[in-house]
Amino acid sequence: MEIKADKYLDCIGLNCPMPVVKTKKAIKDMEVGAVLEMVATDPGAIPDMQAWANQTQHELLSAEKFDGDKFRFLIKKTH
Amino acid sequence: MNQNNASHPRRLALIASRGTLDWAYPPFILASAAAAMDWQVAVFFTFYGLPLLKKDLSAAVTPAGNPAMPMRLPFGPEGLQKIDWSANLPNLILNNVPGIDSMATSLMKKKFKQKGVASLDELREACVDLEVRMIGCQMTMDVFGFSKDEFIDECEIGGAATFLEFAADADVSLFV
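Top line first, the protein sequences correspond to chains V and C. So in this note's numbering, spot 2 of the first sequence is number 2, and the numbers just go up one at a time. So in this note's numbering, spot 141 of the second sequence is number 1141, and the numbers just go up one at a time.
Okay, chain C solo, but in the shape it has when bound:
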């Protein structure tokens, strides 16, 4: 089924509103995949999604915010790797282990790498290469105290109207 045509390339409009390691993936994956299919893509980074535009990407993940998150060791004997620690330990205990967030972040990064999943940096770089429009939310910058020079050079700054103007002609619009 061929849907693309020269007069109107398909358009994807995304809102990235969450900045944790796990939730940062969907917008970057969808944006790069769509751009690879010759779609026009814009991503509006707002609220907690805005830090995903920072030069130094340091997204982390917390089991406390994701009670259903499976946690398996990416190394060690096979039997041990199969154990889902989050399913076997009550969240009340797991969430109060000191350093659990950095451990969960490190486990997730290791597991992703092991499974051939690109890092967020690689995916964002692919988005830049494929000319995805990345729009940082001006209002969020003001509220949380960010300045443009903290962000990658390839992004632009705008507001809701900037995004909506692009999204008005989008074939697919998603809020992440």
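Excised from the complex, chain V in its bound form:
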């Protein structure tokens, strides 16, 4: 089932820690229950986004690789 994102955040080309910093800022302005789509090229973003979701208790719905070297994350704002 395809999940539709409510907001898109481009972190392509950005290195640690900017993907988590920008994700935090983006999610701050969203409604509870809304879904953020974040796209990054930093391979460290995979473990970092998992850790970020664990710590902030927002829900990491999916983390996938696409186009060879890009990563797509879907995050649901839970609180």
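Hint data in this document are derived by calculation from the structure and do not stem from the laboratory. Be aware that one or more of the hints could be misleading.
Among chain C residues calculated to face chain V with C-beta under 10 Å, some are [as the list claims (entries may be wrong)]:
id	residue
1	Ile1029
2	Lys1115
3	Glu1122
4	Ala1126
The C-beta atom is built at its ideal place from N, Cα and C for all residues, glycine as well.
Got chain V sorted already, so can you dock chain C onto it with the hints?
Structure of chain C alone, referenced to chain V:
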């Protein structure tokens, strides 16, 4: 593993004691990443770390102080970019090349930018946005002759006790 809870958010207490371009990164990276994870963060800028609070951030790096620092060109043919100049030239020679510090600083900035690493200004701005407490050391100000108006407005001035009071309840404390 969910560790955060509303009654006690996690806390990070950092001491930033070094002000060169390379050593300025860890405190700003850790502080912004932790704040992005909803942690409470305070950084105590002391000794050579204090100038990192200056409005005009001008951190530089010196190969002489970092003999193992790799130095690769961020431009030119690929073969040339792969050469680690610091590994191929004796430190005694490298460190005595006039202008080597400004060259190393410029190379490091170019390389970081090329690799998508944020600048120190950007990271410090992220810390400000995410409400990281930045505490400048009063004693260092007195010793090295700094005044509060040289520093960014968002910082506060305090001493060891100010920092320790925050650090007493920290989950992670690091000295950089």
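To test your reading of the hints: which numbers does this structure violate? none
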